Amino acid sequence: MGLKWTDALDIAIALDEAHADVDPRYVNFVDLREWTLALPDFDDDPARSGEKTLEAIQMAWMEERE
Numbered sequence: 007m008g009l010k011w012t013d014a015l016d017i018a019i020a021l022d023e024a025h026a027d028v029d030p031r032y033v034n035f036v037d038l039r040e041w042t043l044a045l046p047d048f049d050d051d052p053a054r055s056g057e058k059t060l061e062a063i064q065m066a067w068m069e070e071r072e
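The opening residue of the sequence shown carries number 7 in the numbering used here; numbering runs sequentially from there.
You may find that some hints are simply not true.
Stated by the list, open to error - Okay, the calculated beta carbon distance ranges per label pair: (1) Met68 x Thr12: 16 to 22 Å; (2) Thr12 x Pro46: 17 to 23 Å; (3) Met7 x Glu72: 14 to 20 Å; (4) Glu72 x Asp51: 29 to 35 Å; (5) Asp29 x Asp51: 27 to 33 Å.
As the list claims (entries may be wrong) - In silico lysine to any residue, SDA-like type, Cα no more than 25 Å apart, as pairs: (6) Lys58 x Thr12; (7) Lys10 x Gly56; (8) Lys58 x Leu15; (9) Lys10 x Asn34; (10) Lys58 x Pro46; (11) Lys10 x Phe35; (12) Lys10 x Tyr32; (13) Lys10 x Asp27; (14) Lys10 x Asp47; (15) Lys10 x Asp51; (16) Lys58 x Leu45; (17) Lys58 x Glu69; (18) Lys10 x Arg71; (19) Lys58 x Gly8; (20) Lys58 x Tyr32; (21) Lys58 x Ala24; (22) Lys58 x Phe48; (23) Lys10 x Ala53; (24) Lys10 x Phe48; (25) Lys58 x Trp11; (26) Lys10 x Ala20; (27) Lys10 x Glu23; (28) Lys10 x Ala26; (29) Lys58 x Met7; (30) Lys10 x His25; (31) Lys58 x Arg31; (32) Lys58 x Val28; (33) Lys58 x Asp29; (34) Lys58 x Val36; (35) Lys58 x Ala44; (36) Lys10 x Trp41; (37) Lys58 x Glu72; (38) Lys10 x Ala66.
Quick caveat, the hints were computed from the structure, so don't treat them as lab data. Because the structure is a prediction, the values reported are computed rather than measured. Backbone N, C-alpha and C fix where the C-beta goes; we use that ideal spot for every residue, glycine too.
With the hints as extra help, turn the sequences into a complete structure.
Quick look at the structure:
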């Protein structure tokens, strides 16, 4: 079962592993969306992402880093 847009914490963990050298506070939503779509376990409709979804992923990623 793949990751969905609603799996903000799981996506954040995967992004943190894939982009350990990046500070999530400074990632723009275009890159965040592309990186999420590129995750090997991601399996959701790319059109379902929105600003609120991406913001939730970014916030979860920042919390994961703390």
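Check the hint pairing Lys58 with Gly8 against an upper bound of 25 Å on the C-alpha distance. Cα-Cα ~20 Å, so holds.
Given the hinted pair Lys10 and Tyr32, is their Cα-Cα distance within 25 Å? 23 Å, holds
Quick one, are Lys10 and Trp41 close enough, alpha carbons at most 25 Å? 14 Å, holds
Within a Cα-Cα threshold of 25 Å, do Lys10 and Phe35 meet the stated pairing? Between Lys10 and Phe35 the Cα gap is close to 17 Å, so the pair holds against 25 Å.
Using the C-beta atoms of Met7 and Glu72, is the stated range 14 to 20 Å upheld? For Glu72 against Met7, whose Cβ atoms are near 28 Å apart, the range 14 to 20 Å is violated.
Are the Cα positions of Lys58 and Tyr32 separated by 25 Å at most? 17 Å, holds
A range of 29 to 35 Å was offered for this pair. Does it hold for the Cβ distance of Glu72 and Asp51? Cβ of Glu72 to Cβ of Asp51: about 31 Å, so the range 29 to 35 Å holds.
Need the status of pair Lys10, Asp51: alpha-carbon distance at most 25 Å? 8 Å, holds
Is the Cα-Cα distance between Lys10 and Asp27 25 Å or less? Holds - the C-alpha atoms of Asp27 and Lys10 are around 24 Å apart, at most 25 Å.
Regarding the pair Lys10 and Ala66, is the alpha-carbon distance no greater than 25 Å? Since the Cα atoms of Lys10 and Ala66 sit roughly 14 Å apart, the hinted pair holds (cutoff 25 Å).
Hey, Lys58 versus Asp29, does the alpha-carbon distance stay inside 25 Å? 19 Å, holds
Below or equal to 25 Å on CA atoms is what counts here, so check Lys58 against Phe48. With Cα atoms ~18 Å apart, Lys58 and Phe48 stay inside 25 Å; holds.
The structure fails hint 3 only (numbered hints given earlier).
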